[in-house]
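Participant: Make a model of the complete structure from these sequences and hints.
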Amino acid sequence: MRNIIFLLLILFIFTKMGFTHKINNFAYREGNQIKGEAYFADGSPCIKCKVEVYNEKGIKILETLTDEKGKYNFTINEKGSLRIKVIGGEGHLAEYKLEGLKEEKKEKKEIIKPEVSKVSQNEKLIPTLKLTDEEMKLAIKETVDEAVKEAIKPETEGIKNLLMEMKKDMDKVRLHDIIGGIGYILGIWGIIVILNFRKKAKL
Amino acid sequence: MHISEGVLSPPVLLAGGILSFIGLVFGLKNLKTEKIPEIAVLSSTFFVASLIHIPIGPTSAHLVLNGIIGLLLGWSAFPAIFLGLLLQALLFQFGGFTTLGVNTFAMAFPPVVLGYIFKKFLHKNKYFLTFSVSFLAGFLSIIFSAILIGTALYFTEKSFLPVIIALLSAHFPIAIIEGFITGFVVAYLLKVKPEVVI
Numbered sequence: 001m002r003n004i005i006f007l008l009l010i011l012f013i014f015t016k017m018g019f020t021h022k023i024n025n026f027a028y029r030e031g032n033q034i035k036g037e038a039y040f041a042d043g044s045p046c047i048k049c050k051v052e053v054y055n056e057k058g059i060k061i062l063e064t065l066t067d068e069k070g071k072y073n074f075t076i077n078e079k080g081s082l083r084i085k086v087i088g089g090e091g092h093l094a095e096y097k098l099e100g101l102k103e104e105k106k107e108k109k110e111i112i113k114p115e116v117s118k119v120s121q122n123e124k125l126i127p128t129l130k131l132t133d134e135e136m137k138l139a140i141k142e143t144v145d146e147a148v149k150e151a152i153k154p155e156t157e158g159i160k161n162l163l164m165e166m167k168k169d170m171d172k173v174r175l176h177d178i179i180g181g182i183g184y185i186l187g188i189w190g191i192i193v194i195l196n197f198r199k200k201a202k203l
Numbered sequence: 001m002h003i004s005e006g007v008l009s010p011p012v013l014l015a016g017g018i019l020s021f022i023g024l025v026f027g028l029k030n031l032k033t034e035k036i037p038e039i040a041v042l043s044s045t046f047f048v049a050s051l052i053h054i055p056i057g058p059t060s061a062h063l064v065l066n067g068i069i070g071l072l073l074g075w076s077a078f079p080a081i082f083l084g085l086l087l088q089a090l091l092f093q094f095g096g097f098t099t100l101g102v103n104t105f106a107m108a109f110p111p112v113v114l115g116y117i118f119k120k121f122l123h124k125n126k127y128f129l130t131f132s133v134s135f136l137a138g139f140l141s142i143i144f145s146a147i148l149i150g151t152a153l154y155f156t157e158k159s160f161l162p163v164i165i166a167l168l169s170a171h172f173p174i175a176i177i178e179g180f181i182t183g184f185v186v187a188y189l190l191k192v193k194p195e196v197v198i
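As given, the protein sequences belong to chains R and C, one line each in that order.
With our numbering applied, the first sequence corresponds to residues 1 to 203, in that order.
With our numbering applied, the second sequence corresponds to residues 1 to 198, in that order.
Derived from the structure by calculation, the hints contain no laboratory data.
Each residue gets a CB set at the ideal place from its N, CA and C atoms; glycine is no exception.
Only pairs whose alpha carbons sit at most 27 Å apart, straight line, appear in this in silico DSSO-like list of lysine-lysine:
#1 C:K32 with R:K200
#2 C:K120 with C:K32
#3 C:K32 with R:K199
#4 C:K29 with R:K199
#5 R:K71 with R:K172
#6 R:K97 with R:K57
#7 C:K120 with C:K191
#8 R:K200 with C:K29
#9 R:K50 with R:K160
#10 R:K71 with R:K149
#11 C:K193 with C:K124
#12 R:K172 with R:K69
#13 R:K199 with C:K35
#14 R:K202 with C:K32
#15 R:K149 with R:K167
#16 C:K35 with R:K200
#17 R:K35 with R:K97
#18 C:K32 with C:K193
#19 R:K202 with C:K29
#20 C:K126 with C:K193
#21 C:K191 with C:K35
#22 C:K35 with R:K202
#23 R:K35 with R:K71
#24 C:K120 with C:K29
#25 R:K71 with R:K50
#26 R:K167 with R:K35
#27 R:K48 with R:K167
Sample of chain R residues with no beta-carbon within 10 Å of chain C, all distances over it, derived:
#28 E30
#29 I61
#30 T75
Facilitator: In structure tokens:
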């Protein structure tokens, strides 16, 4: 008995060195592009794994492979939610649900090109923009949106990387989980012992 | 050797669940109160063993140690392994709840059968025989478990041989390592504490 406990302790020390084959999968949108990463529980990348993308109706719309760093990206026009499956073979699979974008009511009105109208009074050609207020607002909004996106890109990139690192860290097997698990196992068997003794006492 | 959620089709899951349930009932029926502390320790050993990852070649596999459990516990290996898998699914998301039945059966059934066959050959005074028999039990448990997992995957992946070959080649080194571990541990236990083994 003591030897089994000893063995268990040795195994315990080893656990810091390696982990199993569970795959983690994480993806985010960047405009029409979807970027993602698949990695094993110890943080090592899932190299050349098959990636399958399903739309809301469950129809497979895309298939690709991860690269050497376990990353994948693809462009897609689908605005709805997506399910991204990474298949590691040997029965390993990780699924990530990417929320759909909110349907923006973007009836893109073609911005009317400035029409050149003749002003008779001065007999000169003065270009005037014939834009209604609404069209003006839309045009401004678009320009500002683009500029803001461009301006915050370095920062968002950094935050995304940080999030990814944090997620990887969270997915790692933690020592307290291992200890907790052993505690649960011993506790459950302890309960079984109690129940068994009760049964015997009744007989 | 954990099959994840969403890989297998419902009939396979159901079949695995039923077979494991039968094994569990058998295991709990034959439970001896004196054996329970041992079962608990081996159950936690199994739980931790799966975290030990041995990188060999392009792939890496983890220890399972089901051979030892089968040899020492017999039918009680079912509840021991089931509990280990349940907590792995719960705490680490290894495997999954729906695949619990299939995984339990694939990992518990071969060692139980092998343990039943090989236990007769264990002898306190014959170290070499005990060692080799235990080695075989540990080795074959992994091989047969890999074959069972491959069979379960066959129903969804539809390519039997490539999957089996991939699984076996990944687990062959592990099987040898486990054979040695099983051999040493069982032979040693038989020498110093024979009542644990028999």
